[in-house]
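Participant: Residues per chain, in single letters:
2 protein chains.
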Amino acid sequence: MAFGEVDGYPEGSLFESRDEVRVAGLHRHLVKGIAGRPDEGADAIVLNQGYEDDVDYGDLVIYTGEGGNDSSTGRQIADQKLTAGNAALVTSELNEYPIRVIRGYKLKSPYAPQSGYRYDGLYFVKSHWTETGKSGFEIIRFELNKFNGHQLPPHSNQNLPLGNDNPEVRPSVVNKVVRDRAVTRSIKEMYDDKCQVCGIQLACEGGNYSEGAHIKPISKVHGGADKLKNILCLCPNHHAQFDRGGFCISDDFSLIGIEGRLNVHPEHQIEISNLQYHRNLFPSLLRDG
Amino acid sequence: MAFGEVDGYPEGSLFESRDEVRVAGLHRHLVKGIAGRPDEGADAIVLNQGYEDDVDYGDLVIYTGEGGNDSSTGRQIADQKLTAGNAALVTSELNEYPIRVIRGYKLKSPYAPQSGYRYDGLYFVKSHWTETGKSGFEIIRFELNKFNGHQLPPHSNQNLPLGNDNPEVRPSVVNKVVRDRAVTRSIKEMYDDKCQVCGIQLACEGGNYSEGAHIKPISKVHGGADKLKNILCLCPNHHAQFDRGGFCISDDFSLIGIEGRLNVHPEHQIEISNLQYHRNLFPSLLRDG
Chain A
1 MAFGEVDGYP EGSLFESRDE VRVAGLHRHL VKGIAGRPDE GADAIVLNQG YEDDVDYGDL
61 VIYTGEGGND SSTGRQIADQ KLTAGNAALV TSELNEYPIR VIRGYKLKSP YAPQSGYRYD
121 GLYFVKSHWT ETGKSGFEII RFELNKFNGH QLPPHSNQNL PLGNDNPEVR PSVVNKVVRD
181 RAVTRSIKEM YDDKCQVCGI QLACEGGNYS EGAHIKPISK VHGGADKLKN ILCLCPNHHA
241 QFDRGGFCIS DDFSLIGIEG RLNVHPEHQI EISNLQYHRN LFPSLLRDG
Chain B
290 MAFGEVDGYP EGSLFESRDE VRVAGLHRHL VKGIAGRPDE GADAIVLNQG YEDDVDYGDL
350 VIYTGEGGND SSTGRQIADQ KLTAGNAALV TSELNEYPIR VIRGYKLKSP YAPQSGYRYD
410 GLYFVKSHWT ETGKSGFEII RFELNKFNGH QLPPHSNQNL PLGNDNPEVR PSVVNKVVRD
470 RAVTRSIKEM YDDKCQVCGI QLACEGGNYS EGAHIKPISK VHGGADKLKN ILCLCPNHHA
530 QFDRGGFCIS DDFSLIGIEG RLNVHPEHQI EISNLQYHRN LFPSLLRDG
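Those sequence lines, one after another, are chains A and B.
Going left to right, the first sequence walks through residues 1 to 289 as our numbering numbers them.
Going left to right, the second sequence walks through residues 290 to 578 as our numbering numbers them.
None of these hints come from the bench; they were simulated from the model.
Careful, some of the hints might be misleading.
[Claimed, not checked] Calculated lysine-lysine pairs in the DSBU-like style (CA-CA distance at most 30 Å, straight line):
1. K505/B - K194/A
2. K126/A - K395/B
3. K216/A - K483/B
4. K395/B - K423/B
5. K126/A - K423/B
Chain A with its partners taken away, still in its complex shape (with noise of 0.2 Å):
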């Protein structure tokens, strides 16, 4: 895979056909939306009408994976599968790797090329979660932020970086989900900073940190509520991964996906349907476990 922009094609570029933005070395493909492998991580994505649940924000994409649907009439005929260019996808949102996002004129969105195809910059997969589609089918969505500022020079897997001496410091818009400090301040209050899941007290210099964790996020598109009913108290690598689907939680507060039990103050009602609704977030666990 070859990160990360391309020379002589600047955000704006237009091109005619899938075959122009293949030969410009955008899009290695000329019709898989996803280009990337599951061990290398993705590399662009072609928005182009392809699924119903499809979202389009500008910066902000809902996405919807590969897999499952009718070569023919486009429609979801089976479960989506967390591989090929999913699995990519999932690779370049843990490795934070930037994505090209090409937008094509068969997209029913306001941001869509009237005619052709349009290199429209860097995203980021911010998120991956399982849902059940129009269809009635599960479906892998994939949040995508683009990566406001600047352009990020071209890199591929060949060398190993340079990096900068300088790293230069521009400012940039990002959104923002509002959190009430005052709620998380009182969450890590009451465990007194131990995580919930593994009962570490991480010590720094002055005190000792752990993070508030929503349950359900509460991001736009999920809407999860920022009060203690949807908060954890976690250390950092239980958030991450808590947040990855690398676990979960059942409704008797068992752990799924790793060992353990999460411990819960008696002053601490956590809102069981936020917990079923995480669980709906990362079936695999479920079904694998």
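Given the coordinates of chain A, assemble chain B onto it according to the supplied hints.
Facilitator: Positioned in the frame of chain A, the structure of chain B alone reads:
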């Protein structure tokens, strides 16, 4: 402490004296710069000359801690300690508590008010470290970043906060250091996502997760390089702990503050002076260890 905005005193409110600031409920003291307690955190600071090492970039403030200065001349005559107001600011850092920033007329900065005092909104402590000040004595410095985007509601420690069922999503501008993702990628590949401190490989859905941690921070203030010689592959826990002075690394890669030794790949040429720079940020570890 009472964190956050105070009703009736929006950002930009002007005051003739410290006493007016105090009566308004913005800062509890008449002379001290930091309002806070080590165990509860700090909720407000006044920038008003004070220390010769202070820096004011507006939305980014480098604030010098308290103590060690002669009360009549203001000159530094002893090392500062991580106690009292300084410890309160660290508690606010670890818990992400908002801090009201008030600028006074004596401040040598383009952002100082012409006379009296001005409430300038909420900031967060991004990091703290120790350095040798212009005086030759150790001072503790705090990087504060302005919380952009909106006014946080007022809060006290008295009751459990209610939080929000539908937290708002707002665009806000952040100053990001432009990191070369290819550098982080290659460090994670080199170690196969295994933490160089504890060896953990954090399993998530679809792959493993690790983080690229800079040894000498790459923020504007510290100016570390975004290169392999300045990056470690760490799990989120050890990354959080390393950045917050929970442990340091000696030149022979043995750990200071926690047990163990850094695992270093033969092709990973860590610049030893960066380890030294990081150790100097947290000298209490060396003294206590």
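Participant: Now tell me if each hint is right for this structure.
Facilitator: Results for each hint:
| no. | hint | in the structure |
| --- | --- | --- |
| 1 | K505/B - K194/A | 28 Å, holds |
| 2 | K126/A - K395/B | 45 Å, violated |
| 3 | K216/A - K483/B | 28 Å, holds |
| 4 | K395/B - K423/B | 20 Å, holds |
| 5 | K126/A - K423/B | 43 Å, violated |
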